[in-house]
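Colleague: This is what each chain is made of:
There are 2 protein chains.
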Amino acid sequence: MKLRVKDMDIETGGILIALLNENDARKLDLHPEDRIGIYHGKKKAIAVLDIAESKKACPEGEVGLFEEMLDLLNAKDKDEVEVVIESKPVSLKFIKKKLDGKRLKPKEIEAIVKDIVSNELTTIELTYFISACYTHGLSLEETVALTKAMIKTGDTLKLNKYPIVDKHCLGGVAGNRTTMVVVPILAAAGLTVPKTSSRSITSPAGTADTMEVLCNVCHSIKSVEKIVKKVGGCITWGGAVNLAPADDKIIKVENPLRIDAEGNMLSSIMAKKGSMSSTHVIIDIPLGKGAKIESRKEAEKLSREFKEIGNALGMKIKVLITDGSQPIGNGIGPALEARDVLWLLKNDKRAPQDLRKKSLMLAEETLEMCGMDRKIAKEMLESGKAYKKMIEIINAQGKKITDPDKIKPAKLKYEYRAKKSGKIIHIDNGVISRAARLAGAPQDKSAGIYLYKHKGDKVKKGEIIFTLYADIKQKIEFAVDALKERNGIIIT
Amino acid sequence: MKLRVKDMDIETGGILIALLNENDARKLDLHPEDRIGIYHGKKKAIAVLDIAESKKACPEGEVGLFEEMLDLLNAKDKDEVEVVIESKPVSLKFIKKKLDGKRLKPKEIEAIVKDIVSNELTTIELTYFISACYTHGLSLEETVALTKAMIKTGDTLKLNKYPIVDKHCLGGVAGNRTTMVVVPILAAAGLTVPKTSSRSITSPAGTADTMEVLCNVCHSIKSVEKIVKKVGGCITWGGAVNLAPADDKIIKVENPLRIDAEGNMLSSIMAKKGSMSSTHVIIDIPLGKGAKIESRKEAEKLSREFKEIGNALGMKIKVLITDGSQPIGNGIGPALEARDVLWLLKNDKRAPQDLRKKSLMLAEETLEMCGMDRKIAKEMLESGKAYKKMIEIINAQGKKITDPDKIKPAKLKYEYRAKKSGKIIHIDNGVISRAARLAGAPQDKSAGIYLYKHKGDKVKKGEIIFTLYADIKQKIEFAVDALKERNGIIIT
Chain S
30 MKLRVKDMDI ETGGILIALL NENDARKLDL HPEDRIGIYH GKKKAIAVLD
80 IAESKKACPE GEVGLFEEML DLLNAKDKDE VEVVIESKPV SLKFIKKKLD
130 GKRLKPKEIE AIVKDIVSNE LTTIELTYFI SACYTHGLSL EETVALTKAM
180 IKTGDTLKLN KYPIVDKHCL GGVAGNRTTM VVVPILAAAG LTVPKTSSRS
230 ITSPAGTADT MEVLCNVCHS IKSVEKIVKK VGGCITWGGA VNLAPADDKI
280 IKVENPLRID AEGNMLSSIM AKKGSMSSTH VIIDIPLGKG AKIESRKEAE
330 KLSREFKEIG NALGMKIKVL ITDGSQPIGN GIGPALEARD VLWLLKNDKR
380 APQDLRKKSL MLAEETLEMC GMDRKIAKEM LESGKAYKKM IEIINAQGKK
430 ITDPDKIKPA KLKYEYRAKK SGKIIHIDNG VISRAARLAG APQDKSAGIY
480 LYKHKGDKVK KGEIIFTLYA DIKQKIEFAV DALKERNGII IT
Chain B
30 MKLRVKDMDI ETGGILIALL NENDARKLDL HPEDRIGIYH GKKKAIAVLD
80 IAESKKACPE GEVGLFEEML DLLNAKDKDE VEVVIESKPV SLKFIKKKLD
130 GKRLKPKEIE AIVKDIVSNE LTTIELTYFI SACYTHGLSL EETVALTKAM
180 IKTGDTLKLN KYPIVDKHCL GGVAGNRTTM VVVPILAAAG LTVPKTSSRS
230 ITSPAGTADT MEVLCNVCHS IKSVEKIVKK VGGCITWGGA VNLAPADDKI
280 IKVENPLRID AEGNMLSSIM AKKGSMSSTH VIIDIPLGKG AKIESRKEAE
330 KLSREFKEIG NALGMKIKVL ITDGSQPIGN GIGPALEARD VLWLLKNDKR
380 APQDLRKKSL MLAEETLEMC GMDRKIAKEM LESGKAYKKM IEIINAQGKK
430 ITDPDKIKPA KLKYEYRAKK SGKIIHIDNG VISRAARLAG APQDKSAGIY
480 LYKHKGDKVK KGEIIFTLYA DIKQKIEFAV DALKERNGII IT
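Protein chains in written order, with our numbering: chain S, 30 to 521; chain B, 30 to 521.
Each hint should be verified, as a subset may be incorrect.
Copies of the same chain look alike in the list, so a pair counts if it works inside one copy or between any two.
Below, computed lysine-lysine pairings styled on DSSO-like, alpha-carbon distance capped at 27 Å [what the hints assert, rightly or not]: (1) LYS502 - LYS435; (2) LYS117 - LYS513; (3) LYS336 - LYS318; (4) LYS122 - LYS321; (5) LYS56 - LYS440.
By construction, these hints were calculated from the structure, which means they are not laboratory data.
Just need the whole structure built from these sequences, with the hints factored in.
Modeller: This is the structure in structure tokens:
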């Protein structure tokens, strides 16, 4: 059918969509989400059909096209194009198969992932896939296939090194900025540590947000390669490299219902490690009330699965189930956490000892996994070699600040005091994180919370337990209101 | 946050969407599909958030709004509005619950249906619901609750009559236009038969398409009421009345993967009967190779479920499992089927006897269910009273044509002849339907197929089995190609 182009003057940013009037669609026997081929001279593109019920959106005899499509076809408003029916992507059959509870073959999963990455699937189709993975679960073989397909369809880092070390934490614990201590220790010990981290989604800071206080974290895969070749390690933002891009699209569909299918989570994490060509990966599963994982059984199940997938991908995996029942470190929020990390690396007495202990343990376990002496971790930290390495990394990434005493918290503060004397038996990750976020973290880098006390500490009535920092009064008020709503500090 | 309106100059036609620049969204800690409230003076509306990654789509400091939203807020381009965070609809919790394999309570299902109808749910959220219904199935209690909620959220017909009779056919059989014979027979017998029918989706004609050859079928609920009060029955298009509107939205999400969850199908059918206040419903399940239902076990299971739901809704249900192994009637396509129906009602010898037999049987069973004498069906037909009633219905709906001999097939034809002598042992519904569609049906009313032979008939080599009719040569060719691809007529 010959139609005239209607320039919709919008980018869709995702899948290619074409709009037909409902009467034209009926003539071609087409339904929403069918695929149509559009020819303009020798150019051709395939789009997903959307049907306009009103003349205003798209009148009869016209086909509404968006920016990306006009570029592809080299077409403009009023040009004549030929519209033909195309078959749907074959991956839809495999999605239906999974929805029907059957196992998918690696080739079938690869076809789905390829179509996700190249924007061939509509949101409805992708949602059915995620829903099917969630309700029926993924077998180990399926998870491995998904992981491999995600690696294959994204950028990969190729370093001519062995071992290549990486770490991952399942999260849910406020503070807990171990990565920024462990990476310089391991790199100082001579290991290769190309670490990419995420920004916060629901926490007051991600490692990328915190590292960004000290230096630039937006580096392309080429830039990461250069930095790692020069200084042995990096801590950059994963979003700036195109690792496993299927994952971002999957997460977008998971978010509305906070779906977190186990198979998809495992693939998401492992695909990023695989994309960096990691050979030895240490995984930290914080366990405890308020952490992401609250049952030991679940933690142990995940632990086994990480190892099995690692095995299938030819990676060595060590999983540590750690105490996730309270925040780790004193600072919560990008600037306050970055200051903790620098104090720690400088062996300053203001450094939080819980963060020091956990980071050293993680570094020791990694060294051991790589066949090296555990003692090297402490040596690197105490000799200042880890600090020196951190400065090298910061400089290589584009330095902003390296002196912890020049990192200042936000100007307004609120002191949270003990309501009675006694022993602190619980500091709730959820409540602390929420208050720090309401104070402005991670968007306001210097906003957040500084903890003076931890679980097990004795306090007197009126003693300061933590200070809340924010840029504007209203944010302090929001955070204080949230603290009143739910008591996050339990004293007995 | 105060933002300026950007008029997107598009209607979305469905849920209310607002577009924010990704930087503004980050400041408010918002993610795609979150809900935001928008205030303009005293007006307020809630929208689903979409995030623009480019300045072009939506620059910082602005909020992109579509036509429906601008109308609701009485706002125009550049107006200042206040944007606040809103919580998500509570029905999302119930969708998640179903996705986790748990049973939903009637109130929870009602909340979901209400939100579907009022466009509160996004496509992703609705897809999760349908996916969950499909993978976990719906219990009888859930199906009944879904049916009731669908009736409640749409228009209903209230007639002060008893009994009110309806019929439904599960479909998949070419031709098979029994409704247009059964309704006038029953109405002539004094029963109230407010029948709404669908247009074709994947077949060469729906009852609404065929009835439309004879008269207008687009009548509102008020118009249907008037017609039925006047002549006792009607055959109108279901799409013109707002019966169970949730169903249309559910079908849109089912279509891309051709999902047909049993619970949703049962609800969809029964909600429409309930909306018409039907008291006695006859359900025809054609069974056979090429029909929608191919296994007797499945047909019997559906039969039980229809009765159980009917029971819960206070309706009497009779289910007939009929022969669906070949087309019924001679004409396939709106005009050719309408001609068959009129010949039959006029007791013309050209009328297809298989259609006559089946229609009479359905009418007899319905009469019996209503406590009336089965013989009345034949009396109404043979006395011409059913034909007279049909003319009354046609006149009441807005007559186009009533003389079958004035209904002409399309001008071009192709004669399909027997390749050998023998007995016809199979005429494939799928192949016949596809050829009739490719010839132009139902869009071209006079296109289609006219069968001279049925299963069991003896043919000689070269004898005409059917004639294909189309308006243009290309459509004849398309249909003939399809007939060559797959042999639909088997002779032994």
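Colleague: So which hints don't hold here, by number, going up?
Modeller: none
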